[in-house]
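Throw the hints in and build the complete structure from the sequences for me.
As you go down the protein sequences, you meet chains U and H in turn. So in this note's numbering, the last spot in the first sequence is 262, and the numbers never skip. So in this note's numbering, the last spot in the second sequence is 262, and the numbers never skip.
Hints in this document: simulated from the structure, not taken from any laboratory. You may find that some hints are simply not true.
No copy labels: a pair is met if it fits in one copy or bridges any two.
Stated by the list, open to error - With a straight-line Cα cutoff of 16 Å, these simulated EDC-like cross-link-like pairs (lysine to aspartate or glutamate) come out:
| hint | residue 1 | residue 2 |
| --- | --- | --- |
| 1 | Lys53 | Asp140 |
| 2 | Lys53 | Glu131 |
| 3 | Lys53 | Asp128 |
| 4 | Lys53 | Glu248 |
| 5 | Lys94 | Glu24 |
| 6 | Lys244 | Glu109 |
| 7 | Lys53 | Glu138 |
| 8 | Lys53 | Glu109 |
| 9 | Lys245 | Asp140 |
2 protein chains.
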Amino acid sequence: MAIFVSSRNPVATLENPAVKEAAEFIKGAFSERKAMILVGNCWVDYTGRASSKLEAGERIIIIKEDGSVLVHRPSGYEPVNWQPPGCLFHTRVKGDTLRIRAVRRKPAESVNISFNKIHLLSTMRLVDRGEFSLHASEADMQRAILIDPSLFEEGFAPISYEKKVEPGFVDVYGVDGVGRLVVVELKRRTAGRDAVLQLAKYVDNVKTMANRELRGVLVAPRLAKGAQVILTSLGLEFKALEPKKCAEILRRTESRKLADFF
Amino acid sequence: MAIFVSSRNPVATLENPAVKEAAEFIKGAFSERKAMILVGNCWVDYTGRASSKLEAGERIIIIKEDGSVLVHRPSGYEPVNWQPPGCLFHTRVKGDTLRIRAVRRKPAESVNISFNKIHLLSTMRLVDRGEFSLHASEADMQRAILIDPSLFEEGFAPISYEKKVEPGFVDVYGVDGVGRLVVVELKRRTAGRDAVLQLAKYVDNVKTMANRELRGVLVAPRLAKGAQVILTSLGLEFKALEPKKCAEILRRTESRKLADFF
DNA sequence: TGCTAAATCTCGAAC
DNA sequence: GTTCGAGGTTTAGCA
Chain U
1 MAIFVSSRNP
11 VATLENPAVK
21 EAAEFIKGAF
31 SERKAMILVG
41 NCWVDYTGRA
51 SSKLEAGERI
61 IIIKEDGSVL
71 VHRPSGYEPV
81 NWQPPGCLFH
91 TRVKGDTLRI
101 RAVRRKPAES
111 VNISFNKIHL
121 LSTMRLVDRG
131 EFSLHASEAD
141 MQRAILIDPS
151 LFEEGFAPIS
161 YEKKVEPGFV
171 DVYGVDGVGR
181 LVVVELKRRT
191 AGRDAVLQLA
201 KYVDNVKTMA
211 NRELRGVLVA
221 PRLAKGAQVI
231 LTSLGLEFKA
241 LEPKKCAEIL
251 RRTESRKLAD
261 FF
Chain H
1 MAIFVSSRNP
11 VATLENPAVK
21 EAAEFIKGAF
31 SERKAMILVG
41 NCWVDYTGRA
51 SSKLEAGERI
61 IIIKEDGSVL
71 VHRPSGYEPV
81 NWQPPGCLFH
91 TRVKGDTLRI
101 RAVRRKPAES
111 VNISFNKIHL
121 LSTMRLVDRG
131 EFSLHASEAD
141 MQRAILIDPS
151 LFEEGFAPIS
161 YEKKVEPGFV
171 DVYGVDGVGR
181 LVVVELKRRT
191 AGRDAVLQLA
201 KYVDNVKTMA
211 NRELRGVLVA
221 PRLAKGAQVI
231 LTSLGLEFKA
241 LEPKKCAEIL
251 RRTESRKLAD
261 FF
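Dropping the structure here:
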């Protein structure tokens, strides 16, 4: 694969601009729907689904092309304030303060960010067409079992997947080595009480339709402590399966497909 | 309140650095535990709880002092790849490619970010001591109770607020429906042992001044488990109050003020 | 449009 | 340390 690197410079940067200068720069970026990074001393007020106040401090603010907003403190994974995509913006200078107001309808809410010092201001138009692929999701576990049913149990034969059962779906549905129906509920992580109850609901539902012996099996990497008791009392089973192992099966199949192709 | 703005420049920026130059800059930032913003063309591999691949494209990367990592595409609220706080980092140049590897134990996982072009690289040490309050701050809760004393208790009448009492302040001070003095200690989060002891101290102090029946009441959204015993043994009381409810009172009053204004 | 379940959920508090 | 529950959760998939 060839990687092409453009020599264009998509980023324009101001260091320590005055608020007036920054305001003009920001307004231009908004009108051109550019993304923006700000670093500076600011305080933030939010009101909408809830309301919050953030006192003054130095933070990193990202405003994206799609109208999403992130206010990041110097530590922590999560933004302290934010807005999902779709905001409209208003920029205003009042004395030595620059205020950016992000508003959205439905739900009606707004975030006000006020700066009295801007250390860094970058505007940019980023090009990103790269594909993102996540492996070993719950859907991947399902696919892996359908490709190699022995992952679940020797002699298991899937009948259908995502069989429609009110009020949801059965992850995998099939017949075991001795002809009993099997309902499988998949969890990519440790299965808890909720997963057991969900499985029980599905099993009950299938029971009303098929009048024959029926197994309900929870498949997950681990079973939560308290869940074992409920599982047993409801006559259900547990089978340990790592998502990582499923990913390997898929990767192998994927590469075989590639091998077949060439 | 005076706001002090330091004139220091906490941000150091390189525009379009060569990967080698960038690598040195980044290594320096890591060794000084500085935060970092990168904008450039990159691809990302993640493996751990799940695994993912992200093809090349232009993105914004934030690495914080606490070892958290965010990879942001040009749109969307959520980062496409990330790591929570606590990562260790390794930087390496291989040909024209700069690779930053973020690793953490428990769960064992890593994110590899490879750049072939860096448009912007900023390192910084941000100072952020601002308090964040969701719904309402302690001061807001105080204001709300003064505006609507029934939030605290039917028949309650505040006498003064922030009544000076050594060694601190009483949040709210008043008389209840049957004429007893009441000292109120406010907490916007779950109140623990320390809050109880603080209230006890205030109550003792007021007792020396006013020789009449006196109630000490801790007001908070919840009381920590162990705190109930101490509270009772000291003859103090607890009253549950959500900051959210206070925020609503204030919002309502605020809008009424606006209505009066027009 | 509204609801439900999943998430590399994160984050905090209790045990 | 692990487990549990909440979140301004967000997001994706369907009825």
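Hints, one by one, checked against the model:
For a Cα distance limit of 16 Å, the shortest separation of Lys53 from Asp140 across copies, 11 Å, qualifies, whereas the shortest one inside one copy, 42 Å, does not. For the identical chains of this complex, Lys53 and Glu131 are inter-copy neighbours only, at 8 Å across copies versus 38 Å inside a copy, given an alpha-carbon limit of 16 Å. For a Cα distance limit of 16 Å, the shortest separation of Lys53 from Asp128 across copies, 14 Å, qualifies, whereas the shortest one inside one copy, 34 Å, does not. In the homo-oligomer, the alpha carbons of Lys53 and Glu248 lie at most 16 Å apart only across protomers (14 Å), although the nearest pairing inside one protomer, at 45 Å, exceeds that limit.
Taking the shortest Cα distances, Lys94 and Glu24 sit within 16 Å of each other inside one copy (13 Å), while across copies they are farther apart (41 Å). Taking the shortest Cα distances, Lys244 and Glu109 sit within 16 Å of each other only across copies (12 Å), while inside one copy they are farther apart (38 Å). Taking the shortest alpha-carbon separations for Lys53 and Glu138, only the inter-copy value of 12 Å comes in at or below 16 Å, while the best intra-copy value is 38 Å. In this assembly of identical chains, the alpha carbons of Lys53 and Glu109 lie at most 16 Å apart only when taken from the same copy (14 Å versus 35 Å across copies).
In the homo-oligomer, the alpha carbons of Lys245 and Asp140 lie at most 16 Å apart inside one protomer (10 Å), although the nearest pairing across protomers, at 44 Å, exceeds that limit.
Going down the numbered hints, you'll see the structure goes against none, and every one checks out.
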